[in-house]
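Protein sequence lines correspond, in order, to chains E and X.
Going by the numbering used here, the first sequence opens with residue 1, and the numbers climb by one from there.
Going by the numbering used here, the second sequence opens with residue 1001, and the numbers climb by one from there.
By construction, these hints were calculated from the structure, which means they are not laboratory data.
Take these hints with a grain of salt, some might be off.
To be verified - Derived CB-CB ranges, DEER-like:
{"#": "1", "chain 1": "X", "residue 1": "ARG1387", "chain 2": "E", "residue 2": "PRO215", "range": "21 to 29 angstroms"}
{"#": "2", "chain 1": "X", "residue 1": "GLY1339", "chain 2": "E", "residue 2": "PRO86", "range": "44 to 52 angstroms"}
{"#": "3", "chain 1": "X", "residue 1": "ALA1266", "chain 2": "E", "residue 2": "ALA135", "range": "53 to 61 angstroms"}
{"#": "4", "chain 1": "X", "residue 1": "LEU1357", "chain 2": "E", "residue 2": "SER20", "range": "54 to 62 angstroms"}
{"#": "5", "chain 1": "E", "residue 1": "ASP205", "chain 2": "X", "residue 2": "PHE1355", "range": "57 to 65 angstroms"}
Note that the structure is a prediction, hence the values are computed from the model and not measured.
The beta-carbon is built from N, C-alpha and C at its ideal position, and this holds for glycine as well.
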Amino acid sequence: MTETAAQPSSEPLIRLERVSKSYRRGGETIQVLDRVDLAIPRGDFLALMAPSGSGKSTLLNLLGGLDRPDEGSILFDGVALESLGPRALTRWRATHVGFVFQLYHLLPVLSAARNVELPLLLQRLGRAERSRRVAAALSLVGFPDDRHTFRPTELSGGQQQRVAIARAIVTNPTVLLCDEPTGDLDRRAGDEILDLLVELNRRLDKTIVMVTHDPHAAERAHTLVRLEKGLVGEIRATSS
Amino acid sequence: MTRYLPLVRAALARRRARTVLTIGSVLIAFLLFALLMSVRQAFLGGIRAVGKRILITANVVSLVSPLPLADRTIIASVPGVRRVAYEVWFGGYYRRTGNFIFALAVDPPTFLAELRGELGLSPRARARWIADRRGVLVGNAIAQRFGWRVGEVIPLRSNVWRRTNGTNTWPVRVDGILRPSEKRYAQLALLHYHYLSETLAKNTGLSGKVSLYRVEIAHARDAAAVSRAIDARFANSPDPTRTSTARTFLLNFLDQIADIGTIVTAILAAVFFTMLLVTANTMARSVRERTAEFAVLRTLGYGPGRLFGLVVAEAALLVGAGAVLGLLLGLGLVAVLHGLLAAILPGLALPPSSFALGLALVVLFVLASSLVPYLQITRLAVADALRRE
Ligand SMILES: Nc1ncnc2c1ncn2[C@@H]1O[C@H](COP(=O)(O)OP(=O)(O)OP(=O)(O)O)[C@@H](O)[C@H]1O
Ligand SMILES: [Mg+2]
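Using the sequences plus the hints, can you model the full thing?
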C-alpha cells in the first residue's frame, strides 16, 4: 500500500491508487498521469489546479468513469471502478456522478427544463414527478422561473451554467465533477456560480471536485490540489 | 418510451430543411411504389385468376394472322378437349377512336359456356343475346361510361374491319349488361361472329377465319400434352398453330408490350436504393454532427444501447412519416387515375399485399440507415468527443 492523503479515521469517498494514464500520439507515448495517489473525503470541495495540458480533464474523466486508467485503481465508496463492466459503469455514473463543463454542453434544441429532465428520463418516474424535480433543481440553482422554456441560445452564460448544474444535481448524485465551471464566464457570473457550488457543498453536503485555472476560484474550495508533471504536488486546505 | 419523444422530435427539428427533404424523398419513393404496384396489379393481377383449363390456340406467325374456322372441328377431336370457342378481334370504338372498346366477335353459346358464371350475366339477357344476331353484351364499365341501356341500338365502329356497304359501323342492340366480379370483364363487349362475318367486305381475308381459339380441356394437368397434340395436328397445314394456357398466352401478350413485372421491380429497386442512400446519409450526418451531444448524454448516464435506440426511433420517424404520407398520396392518386384510365387500365388499384411489403421496406430502411450510426455510437470515445468542442 502506498501512502495516501486520507485521514485514517474516516474512509474517503474517492481514493485513487497509483493511477496512470498515457496517450499515444504517432510513435511516442505521452504520460499524462503517473502513479497518482489521491484521496477525496466525503463532503469535500476540492479544487484541482494545474497548468494547461497537465491532465486535469483526464483525471476528471477517470473519476467519472468516462475513461479507464492504464494502471492503478479508483475506489469509489469502496467500489473499484475498474471492476465494473461497461453497462454497470454507465449505471453507476447515472446514480453517482454529475458533470459540469466549462462550455455548459446543454442540448441546443431542448428548453432549459427539458435539458434538466434528461437524466431523469433514465429513471422510472412519472411525468409529474419529473417536472416537480426539474422545477426544484432549477429553483435550487437560482434559475429564473419564467425562463424554463427558453432554449440555451436564449440564455446568458451564467444562466446556462445554472441549468447545467441543475441537470447535474437533479438526480441527487454523490459527487459533482466540474471542469472549469467558471472558465467561460465573467468575474461576476463566475462568482455567482462559485457561490452556488459552495452552497451545494455546504447545504446539501455534495462532494465536489472542481478543475480550475483561476486561483480566485480555487480559493473558494476547502482543499486545493496541484497537479504537476503527472504527479499530485501540493495539497493544502484553503482558507475558506 | 414516449418520454423520449421530445428528445427524438427535437433531434429531427434540429435541421428542419434536411428533415423535410429526407421525408420528401421517402415520400416520393413510396408514392412511386404505390403507383407502380397498382400498375403492376392492373396488368398482372387478373392473370392469376385466369382459368387453368383454358388453352389459347393462335396462328404461330402472329396474333393478327387468323386461323381457318375449319380448324375448330379438328381441335375438338383432340383427346382431352372439351369445348372449343373462337373469337375475332373487333377493334371497337364509339364515335371517336379515342373511345376504345375491347370488343370480340364470338360464337355465343360456346363462349358463354366457357366463361359460365364469370361474366355476371342474367339468364334472360343470356337467352336474349343468343337469339339476337345483331345483339351485343357490354360490361357495366362501358355501359356506365357511355350511358347505354338495355334495348338501345348503338353504332359500334371498328378500326380493323369494313363492311360490304363500305362503312365501318355495325349497329348493335344492347341485349344485356355484364356485371362481372373481375374488373377486366367489365370492359368487354361481345358481338356475334356470324353478324360480323356475313356483313364483312369480301376483300378482308377474314371470311371463314377467326383470330384465335379458346379451348377448354377436361383436366388442367393435361394442358401441356393437349397443347402439343393440337399444334401437332396443324404442323404441316398452311396455318401452323401455337397453343398455350390462357395464362401463359396473356403473359406473353403483355411481354410483347413490355415486361411489366421486371420494369416495375427495376424502377422500384433504383428508387429505393437512392432513397436508402439519402436516409442513410441523413442519419449518419445527423449523428456525426451531434457527436458532442451524444458524449454529453453518455456523461448523464445514457448507455450506447439507449442512444442507438434513440437514433433508430429517429430513423423510424423519418422513414415512417415519409412512407405513410407517400402511400396515402399514392392511394389518392391511384383512385384518381383509376377513374381517368378506366378504359385503358381497368383494375388499377393498390393490392393489399403492398402494405405488408411497404412495412417490410420501412423496417429494412430503418435498420439499414441505422447501421452507420450504430458504429458511430458504439465507437464513441466520450472523453475525446467532449475535448473536441
Ligand atoms: N485522446 C488523446 N490522445 C492524445 N493525447 C491526448 C488525448 N487526450 C488528452 N491528451 C493529451 O493529454 C494531455 C492532458 O490533457 P487534459 O485535457 O487532461 O489536460 P488539461 O489539464 O485538462 O488541460 P486544459 O487546462 O487545457 O483543459 C494533453 O497534453 C493532451 O494533449
Ligand atoms: Mg481540461
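Hint check:
Judged by the Cβ atoms, the range 21 to 29 angstroms given for ARG1387 (chain X) and PRO215 (chain E) holds: they are separated by roughly 24 angstroms. Taking 44 to 52 angstroms as the suggested C-beta distance range, the pair GLY1339 (chain X) and PRO86 (chain E) does not conform, at roughly 60 angstroms. Separated by about 58 angstroms at the C-beta atoms, ALA1266 (chain X) and ALA135 (chain E) satisfy the suggested range of 53 to 61 angstroms. Checked against the hint of 54 to 62 angstroms, the pair LEU1357 (chain X) and SER20 (chain E) passes, with Cβ atoms roughly 58 angstroms apart.
The supplied range of 57 to 65 angstroms is met by ASP205 (chain E) and PHE1355 (chain X), whose beta-carbon atoms lie about 59 angstroms from each other.
Violated hint: 2 only; the structure is consistent with all others.
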